[in-house]
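For the protein sequence lines, the chains are L, D, C, Y and F, in the order given. For the first sequence, counting from 1, position 19 maps to 14 in our numbering; every step adds exactly one. For the second sequence, counting from 1, position 33 maps to 327 in our numbering; every step adds exactly one. For the third sequence, counting from 1, position 189 maps to 186 in our numbering; every step adds exactly one. For the fourth sequence, counting from 1, position 38 maps to 1036 in our numbering; every step adds exactly one. For the fifth sequence, counting from 1, position 187 maps to 436 in our numbering; every step adds exactly one.
Hints are supplied without guarantee of correctness; some may be wrong.
To be verified - Not the full set, but computed from the structure, chain Y residues with beta-carbon under 7 Å of chain F:
| # | residue |
| --- | --- |
| 1 | Asn1093 |
| 2 | Asn1094 |
| 3 | Lys1097 |
| 4 | Ala1227 |
| 5 | Lys1269 |
| 6 | Pro1351 |
| 7 | Ala1355 |
| 8 | Asp1370 |
| 9 | Gly1375 |
| 10 | Thr1416 |
| 11 | Asn1418 |
What the hints assert, rightly or not - Derived PhoX-like pairs (lysine-lysine); straight-line CA-CA distance at most 25 Å:
| # | chain 1 | residue 1 | chain 2 | residue 2 |
| --- | --- | --- | --- | --- |
| 12 | Y | Lys1322 | Y | Lys1269 |
| 13 | Y | Lys1097 | D | Lys349 |
| 14 | Y | Lys1452 | Y | Lys1049 |
| 15 | Y | Lys1065 | Y | Lys1372 |
| 16 | Y | Lys1323 | Y | Lys1339 |
| 17 | D | Lys348 | Y | Lys1387 |
| 18 | Y | Lys1269 | Y | Lys1323 |
| 19 | Y | Lys1339 | Y | Lys1262 |
| 20 | Y | Lys1104 | Y | Lys1387 |
| 21 | D | Lys453 | Y | Lys1237 |
| 22 | Y | Lys1104 | Y | Lys1446 |
| 23 | Y | Lys1269 | Y | Lys1372 |
| 24 | Y | Lys1434 | Y | Lys1065 |
| 25 | C | Lys195 | L | Lys247 |
| 26 | C | Lys88 | C | Lys110 |
| 27 | Y | Lys1336 | Y | Lys1387 |
| 28 | D | Lys348 | Y | Lys1070 |
| 29 | F | Lys431 | L | Lys247 |
| 30 | Y | Lys1387 | D | Lys349 |
| 31 | Y | Lys1387 | Y | Lys1339 |
| 32 | Y | Lys1242 | Y | Lys1315 |
| 33 | Y | Lys1049 | Y | Lys1070 |
| 34 | D | Lys453 | Y | Lys1372 |
| 35 | Y | Lys1262 | Y | Lys1387 |
In short, the hints are calculated from the structure, not lab data. Ideal Cβ positions, reconstructed from N, Cα and C, are used throughout, including at glycine.
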Amino acid sequence: MTAPILSLHEVTQTYVSRNQQGWRRRYQNALDGVSLDVHEGETLAIVGESGSGKSTLAKLLLALNKPTRGEVRFRGTSLQQLSGAQHADYRRSVQAVFQDPSASLNPRMQVAESLGHVVRRHALADADGEAGCIEGHLASVGLVPPASFMTRYPNQLSGGQQQRVAIARAMMLAPRIIVADEPLSSLDVSIQGQILDLMRALKQRTGVGFVIISHDLHAMEAIADRVAVMHQGRIVEMGTEVFARPQHEYTKLLLAARLPPDPRQARARLAIA
Amino acid sequence: MLRFTIFRILHAVPLLVAVILAIFLMQQAIPGDPVQAMVGDFPVPPAFREAIEKKYRLNDPLPVRIGTYFNNLLHGDLGFSYHAQRPVLDMVLERAPRTILLAAAGFAVAIPLGMLIGVLTGTTRRRSMDQAGTTVTLILYAVPTFWLGQLLVILFALKLGWFPTQGMGPLLSQATGLQWVLERLHYLALPVAAFAIHDGMRVARIMRASVIDTLGQGYIVTARAKGLRRSAIIWRHIVRNSSLPLVTIAGYAIGSALGGAVLLETVFTWPGLGLLLIESIRTSDNLMVMGVVIFSALAVVTMNFVVDVLYALIDPRIRHQR
Amino acid sequence: MEALLDVRDLKVHLRTGGAVVRAVDGVDLLVMPGECVGIVGESGSGKSTLARAVSRLMANVEFAELSGQALFNGADTLAMAPEALRRLRRKAGFSMIFQDPMGYLNPTMRVGKQVREALSPGEHAMPEQERIYALLREVGLRDVEYVARRYPHELSGGMRQRIMIAIALASEPQLLFADEPTTALDATVQLRVLETLKRLHQQRRMGMVIITHDLGVVAALCDRVYVMNGGKVVEEADTLALFDAPRHPYSARLIQMTRRGREAAEAA
Amino acid sequence: QGQPQRGGTVIAALDPGAISSFNTHLTSLTSMLFMADVWADGLMTYDRHGKRLPRLATEWTISPDGKVYTFKLRQNVKWSDGQPFTSADVLFTLNNFAKYNTYLGKLLPIVDKAEAPDPYTFVVTLKEPLTATLDLFDKEVFPIMPKHVYEGSADVATHPANRAPVGLGPFKFQSWDSGRSITFVRNPFYWEAPKPYLDSVVFALIPNPQQRLNAMMRGEIQWFRPEAAQVLAAREGEKSGGYKVLRIENNAPERAVVDFNMRKAPFNNLKVRQALFQAIDRKRVVADVYQGLAETAKNAIPNQFTNLYDPSVDYDKLYPYDPKKAGALLDEAGYPMKDGKRMTIELTYITRPPYDAVAKVVQSNWNAVGVDVKMAGLDPQIWTDKVYKQNAFDTSVISLTGRTNPVLGVDRSYICNTGNLPFVNPTGYCNPEMDKAVNTAATVPLDKQRAAYKVYAEIVARDLNQITLASQQMHEAVSTRLQGLDAQFDFSFNTHPNWAEAWFAKK
Amino acid sequence: MTTTSATPGIVPSPRRPVLHGLGAALRGILRTRHGFIGLVLLAFLALVALCAPWIAPYGPFQQTPLSLAAPGAGHLFGTDNVGRDIFSMVLYGTRASLAIGFGAAFAALVVGGSVGILAGYFGGWIEAVLMRVTELFQTLPVVLFVLLAVALFGTSFWLLIAAVTLAIWPVEARLVYGQYLKLRDREFVAAARVLDLSTPHIILREILPNAMQPVIVQVALDASVAILIEAGLGFLGLSDPNMVSWGQLLFAAQDFMSQAWWMSVFPGAAICLAVIAFNLFADGLNEMADNRRKGPQVGLED
Ligand SMILES: Nc1ncnc2c1ncn2[C@@H]1O[C@H](COP(=O)(O)OP(=O)(O)OP(=O)(O)O)[C@@H](O)[C@H]1O
Ligand SMILES: Nc1ncnc2c1ncn2[C@@H]1O[C@H](COP(=O)(O)OP(=O)(O)OP(=O)(O)O)[C@@H](O)[C@H]1O
Ligand SMILES: [Mg+2]
Ligand SMILES: [Mg+2]
């Protein structure tokens, strides 16, 4: 196994919230001494109860938050100490897909505009090649014919299409890893499958790795190489065998709460509890 | 609560210091000759100028004067107005209650009136009534307060003779008790009306928008699903939840009522802080101007504080969240 | 036995901007007393609109067309006078649970009071306060005196959803609409709420319409299922039958999707 | 009219303006002059024909060389606190207040000595004669202040008694409700018993002139002095019968003037000044600004000063309204019409009636001859600074008041003002010939004064550093219930009501 | 909300966000009842302002032979005490009021907007300092500013705009601040940061267009507030006499309220009209946004 591309070292993230009046401070450890390695090319699923710090963890990996304590490292160097070149490498290597595709695309930019800014910022193509470059990426996430999507605003796309655009945008920089915070939960059941398929296909084709955060245990079971279970700001269990052989109490509880998509079993589950 | 209060007071100190410095420097920039203002439109005899300037140390260097001012301020002294020949604090304390009375009476009418209109137009079943209500509201809102005041005086004081034309009470009155209160109300009627019409309509417009917003909230559906009567839904669920934006705006408006008071007090010769401010500016009575503005800054700060408290009272979420 | 709710050829066409959305386009729906019926379908298929139209909780909307009948115990709710409708909601009629318990509870009112508002009027053996506590206990809350004095934001999502259920039950309805009652909740919490619903359904013998896009929920609770797509009912079947042998391709796809994760996991 | 009856309170409205002191040695605010008539008294005053009337001085004599003035004082007069009034008070006032008194600036330097040889005699000896001297001892200009109150105080200018005065007038100060009213009650020690008839006089402080009128129409006050622009409206209200509007005979002129800044072009060019004067339709100023209640000024000397005014110098004849002539003059001066205009000048004024209205008329008049006028309407303080201290103006409108002699307010517009003193000639005009003429006119004996003032007026008419537009008439509105007002004009030739004479008819 | 279809390829009819193009915005606002009236009134006022020299029978400072003439054939709105034609002055006054309205509102937008953007986006001490300054300006009375400005620079129209701007920018700043505070945590902003787009790009291209809607509404309201403030200042005699303004006319009319009602009624009505126009326009903007934003709307009715 190669060295981890991203890793957390004893990271604690404390949110200080003030109430409206601005006095009594409240400290909350959203993450509490978490260590984690993410390897290139693997799919790591993070599951856990609501409010357990999953999104916080994602933000840290994406350098959207600074950790209160501990370090986030990219290829062994702390994010704080990255040199200019390393930082550019980091930004290209680590990309993100968010929960709500309509919220993660600027509602006032056409698809071509949204993606065009990235092309220009990172000099992915010259002015003549820009349209072609964008269309290529759109096509690679299954938006065909790509030309028909270029001039649309996000609200003229279906949820699934929006999420595809978001993925295409993330893929433009040829990242090594994509951090996806609940990429499925705001999508319809029928579309969730398509997006999962797409992610799988991308992984096969480009070797990109994923950190996927999700509530959908069934889906995670299907796609993940490794699973981390979070509970109250800590990773309580992590490994490849989590679904098959849960160790921690909370993991067991979580698995037990799944409703089987079969009436007989489901009813039985309700009756037992 | 105590800690909160202290915190807010400490918070306000830099603001006040900044206000004071700002005005001090501003007044420095405004040409003005307080001694000339005392004498009027005849030349000032040099002896008189010298006497006044020496006594009140008008020629001290600016930093010295600022230093003295802050030093006095620490001792609760707002300085001595050489123009009024009285301590500034005295004057401000004498005038402030009058402005507060006017503003309080104004808001006491404007806010309930505006809320009522806002709720009625916002929830009305009939489109025509909403339309008529909002139209009238907008038209009244658009009338400048001071002009409205003048029109009211012409109509209700001069033509109909119902109310006095100006002032805050009969000069020769010996009335006490209820009589006194009635007298005050009689004199308050027109200024309050002028004030309440403009500000009340503003409140009404905000309230209507807020009510309509509230109407879109889920809990109104719940309330309907419970089979509550219309009136119960309005009073129990809509009014309180729609008041929040109002609190912010009303708080800001009350805090900065001094600006409006300048006009209103001018129109009705209401001898409050607004008139004092104008008069002091025009006579370059710098310390008095400072006093009035400090008072108004305090009012703003206080009202911000009250708004926060009210917020928490109206919306229990605020106490704990964030 | 007479139907509790009999919806016939309901059409709800809405006007938005310039276009007309056929949110519900000719739906028939039947609920027998004491029966639990599920409505599934993807987002935007008209499930909520159907429930809201029947229970007349859709106002200030410009209807391009609203037609059909919704007979509740034989009376058409769509044609009912507002006052009659109100009485029906007040007592022994129908009530509704919504997806997002935070938005549907008044944030500035203590939950006890919100429950009290919904209590059915008339003579009761128990004093009002006791009735509130009893209701809260019935939906599975403990320490009810404390809970009644809380504001909604002071409660957890699961507790809030239970308060919603208590409010819905307070008028002793014969029919309960539940519009996505558990989508906002954690898997563990979801399970507990569903249990509660099931228990109440069985104890009170009231009719229930569960609207969801999670087939798992329907599988666990409902006797019969309607599958909606594009404002139309594309399939109506016994729950077991639907899962075993979906007739409509759309239903089949839905079921396949739901199972897919599982199967994939098993395949791996 | 019947016999005067005792009792009652009159409410009189005043513009509080910028009251900082009641003591009219220290302030020249008109409102304070009104008020001084209530609480203060002086050596003498005038009747309606401008003749001197004795007050606290029963008689006075002037030495033949015009240098020694001897006043015999009234006996058994008491201050409002009961202390006796003597010549020591008069002497004290001259010694301690005169230096703060803006009107006495001319007199004080030539006072050789002042003495009180006995309690009822007061003698002033001058180094050189000044014909206007008696006018400077008028009660309005020189109210007598109590020695026993101020004595020993280092600083009489800021003494509290200036705001709670002890005086010799018919009423005594009682209270001051800041921003609302100032109350005076009958002075039990008043020397002119049984006057006053009224119990008290309350001054209602109403800054806005329109509101003073409103209050009068509604019967809330019994006296106020309407602004020129309001007189017609006040006359309208008169019909209701509650009050009447009276014209006041006065010799305290109030005249609208335009100053030219002669330090700079084009105003250093006499032709331009003449042209601008002739371009102004002064009848229109009278009609529009003063609603006809004024007259065009004839020359530098106000015609109220009947002994001094010489009608042969007449602006109406010298500089009649004549836009064509004005245009020709400007052409001559080198300001031909180009694209519809000749030049752009600034007109500075205080944004208040009547100055703003004067400015508007002047603006359109000047516009009509191709002079583009940029208006600078300012706040009084800023205006004063700009015009008098910085001299940063082109032309400026103001209305100047004076007292009963050119020394008191007229001279200041024409004499050399080197110290940038406010409200003294701001034009930069500095002509020794003029200064000499002014001095001569003030010092020649009474019978030679008219001729001297003619010279004075001629120089002004020639040089035109300032042009005088109109002379305003004064009016007051008084409740019809208030009686004894005829007598008031005998007391107050100037501008002031005489509350000592007034009484209320019982309803 | 658009119906999002499950099958890719079937796309709802293309609908561009309303505020995108100016033309589209105009069409959108004309569809709202209030906005329509407001826009028509504003257009009318703007037309009057532009064409004043051609419509007005007299110059703004021109004296006519008749003073205090009642409204009639010769003088539609009568004349004032110095014989100026009120009708012409009200027409010319439209220029001042509209200029103050637009000018001050726009300047407040620029000043307040910049402060709000910096404070809202960067937070920390920048936020603390800027918001304190904003509070400071909310505390000081406008009259003081205007006097200061007049004292330092003389009466000038630009100063008046500046002074009114000083009075209203804090509101604008707070609003923009709130918007940025809210939007900076949005996912599309996070996405832009992850994509390493530059900070100016994020502030100006990503957030700004999304923050504008309530701000534009506020600008329209501010314009009406500015007109009212100008009227108040004119009434206190602090306006620029070289530009006829309605507030000034009211100031001059004070002494003639009972004698010449026309001197105050027409300018007063003009102020009302302009304030109403701006408010209706703002209402229209709001309504338009609501139409877009609001999904299923609930109400009290069954
Ligand atoms: N900006 C913030 N300020 C204060 N507290 C925060 C902030 N963001 C998150 N939190 C708190 O930190 C905790 C962890 O939040 P986080 O969003 O990481 O949870 P999560 O696991 O993603 O939950 P969910 O599944 O609901 O998305 C929560 O209790 C949350 O309330
Ligand atoms: N008030 C309304 N005005 C216009 N269109 C509406 C309104 N309410 C709903 N719609 C539209 O009607 C259709 C059906 O919506 P509905 O909310 O009933 O769907 P749903 O099946 O409940 O979806 P979800 O699972 O997302 O809740 C959708 O296309 C929706 O956009
Ligand atoms: Mg999360
Ligand atoms: Mg729904």
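Checked hints:
1. Asn1093: Because about 39 Å separates Asn1093/Y from the closest Cβ in chain F, which is outside the 7 Å limit, the hint is violated.
2. Asn1094: With Cβ-Cβ at 36 Å, over 7 Å, it is violated.
3. Lys1097: violated (31 Å)
4. Ala1227: Hint on Ala1227/Y: holds, closest Cβ of chain F at ~5 Å, below 7 Å.
5. Lys1269: violated (24 Å)
6. Pro1351: holds (6 Å)
7. Ala1355: Constraint on Ala1355/Y satisfied, holds at 6 Å.
8. Asp1370: violated (10 Å)
9. Gly1375: OK, holds: Gly1375/Y within 7 Å of chain F, min 4 Å.
10. Thr1416: violated (25 Å)
11. Asn1418: Violated, about 18 Å.
12. Lys1322/Y to Lys1269/Y: Roughly 14 Å separates the two Cα atoms, so the pair holds.
13. Lys1097/Y to Lys349/D: holds (16 Å)
14. Lys1452/Y to Lys1049/Y: Given pair Lys1452/Y, Lys1049/Y holds - Cα atoms ~22 Å apart, limit 25 Å.
15. Lys1065/Y to Lys1372/Y: violated (51 Å)
16. Lys1323/Y to Lys1339/Y: OK: Lys1323/Y and Lys1339/Y at ~16 Å, within 25 Å.
17. Lys348/D to Lys1387/Y: Within the cut-off at roughly 21 Å; holds.
18. Lys1269/Y to Lys1323/Y: holds (11 Å)
19. Lys1339/Y to Lys1262/Y: holds (20 Å)
20. Lys1104/Y to Lys1387/Y: OK: Lys1104/Y and Lys1387/Y at ~22 Å, within 25 Å.
21. Lys453/D to Lys1237/Y: OK: Lys453/D and Lys1237/Y at ~14 Å, within 25 Å.
22. Lys1104/Y to Lys1446/Y: OK: Lys1104/Y and Lys1446/Y at ~20 Å, within 25 Å.
23. Lys1269/Y to Lys1372/Y: Between Lys1269/Y and Lys1372/Y the Cα gap is close to 21 Å, so the pair holds against 25 Å.
24. Lys1434/Y to Lys1065/Y: Holds, because 20 Å separates the two Cα atoms, which is no more than 25 Å.
25. Lys195/C to Lys247/L: holds (23 Å)
26. Lys88/C to Lys110/C: holds (17 Å)
27. Lys1336/Y to Lys1387/Y: Measuring from Cα to Cα gives roughly 34 Å; hence the hint is violated.
28. Lys348/D to Lys1070/Y: Status violated; Cα separation ~38 Å.
29. Lys431/F to Lys247/L: violated (38 Å)
30. Lys1387/Y to Lys349/D: At roughly 23 Å apart (the allowed maximum being 25 Å), Lys349/D and Lys1387/Y satisfy the hint.
31. Lys1387/Y to Lys1339/Y: With a Cα-Cα distance of about 31 Å, the restraint between Lys1387/Y and Lys1339/Y is violated, given a limit of 25 Å.
32. Lys1242/Y to Lys1315/Y: Violated, at roughly 37 Å.
33. Lys1049/Y to Lys1070/Y: holds (18 Å)
34. Lys453/D to Lys1372/Y: Not OK: Lys453/D and Lys1372/Y at ~40 Å, beyond 25 Å, violated.
35. Lys1262/Y to Lys1387/Y: Within the cut-off at roughly 16 Å; holds.
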